[in-house]
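Using this note's numbering, the first residue of the sequence shown is number 471, and each one after it goes up by one.
Worth double-checking, as some hints may not be accurate.
[Said to hold, decoys possible] Pairs of lysine-lysine, DSS-like flavour, derived with a Cα cap of 25 Å:
1) 628 - 691
2) 749 - 665
3) 642 - 718
4) 677 - 642
5) 665 - 691
6) 749 - 738
[As the list claims (entries may be wrong)] So the derived label-pair ranges between C-beta atoms look like this:
7) 662 - 717: 11 to 21 Å
8) 664 - 543: 40 to 50 Å
9) 638 - 822: 22 to 32 Å
10) 811 - 832: 14 to 24 Å
11) 777 - 545: 30 to 40 Å
12) 538 - 822: 17 to 27 Å
These are computed hints drawn from the structure, not numbers from a lab. All values reported here derive from a predicted model rather than from experimental measurement. By construction, the Cβ of each residue, glycine as well, lies at the ideal position given by its N, Cα and C atoms.
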Amino acid sequence: MMPLRCLSELSRRCWPGRTVDAMRVGLQCLMSTCSSTKATDSQRLSNTYATSCANVPEVAPSEIPLSDMLVDSFGRFHSYLRISLTERCNLRCQYCMPAEGVELTPNSKLLSHDEIIRVADLFVTSGVDKIRLTGGEPTIRKDIEDICLHLSGLKGLKTLAMTTNGLALSKKLPRLKECGLSALNISLDTLVPAKFEFMTRRKGHSKVMESIDAAIELGFKSVKVNCVIMRGMNDEEICDFVEMTRHKPVNVRFIEFMPFDGNVWNVKKLVPYAEMMDKVRERFEGVERLQDHPSETAKNFKIDGHTGTISFITSMTEHFCAGCNRLRLLADGNLKVCLFGPSEVSLREPIRAGVDDARLREIISAAHEA
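Go ahead and model the full structure; you've got the sequences and the hints to work with.
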């Protein structure tokens, strides 16, 4: 069986190298205590909400020749690269890291601006057409605008996206858009300011809301709000987040709570997709499933009378390895084909040893075949 793929919109707030053991423990707990519930939920949702790719239109051929470098041992072509720009973050979310923080990699061992652009260009010329900038918190990086400008200029790149907590985003957005940033995922787990401070151990709820509104006003082609649902913490706000989509053209994405080192994960905190969906249907009429792309990680829905849409990322109860097309380049230059797999391959070391692009392609290809 293929390894469980990372939850891509949550992984920004996870720290490299600290997730694998916690995930295994969480999955063992989930499988031992929730197998009957999962079976019931899956059966109940199989006809109404099941992901179907049977009628997905054919994707237009890429202008860039596709490379075997990006095909893994399961035959999946990886056209989506997530680049972590930093390990630092200006929040301390309880489900992401311990209160004392984590040990950070020295700056000398992080990829430089030029190294990021070189690696990204290598992937784009091999067929990657979407890049997402993550962290830590990517807006902390001082050269974020210049990185966006250079990445957006790569021939063949169709989408340059960013996942951010939105805390320092609103003032940077106009320039980031000018530099080619086209899509945003903004993390927000509560609509209650006091609860935001408790969950993140920092103030700043109003700043995040300002960033969401600014992204809409500036006309970003995609504005998504990532919301990690935890029982007893924010599960009673699910319908409030859905209500946000009535007048705002945003996609609210409800994410199943996942285990990571330091977040004191417990299966009792997990709110399964089926339960979240029931809450939505009890409150709202006209909930209709949208057609998903084969590589989509979310189950997407629209609601009659709403400007925006909602989605569910079911990484714990109905994971989606088969259609995964993502790669992750960590801030230290390590490449991961699967965030929750144990394998990492350093690209920083061969780059600094002076290898050419042909050799780098060989290293990347070998990582896919492992």
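Q) If you check each hint against the structure, which ones fail? A) The structure breaks only hint 5.
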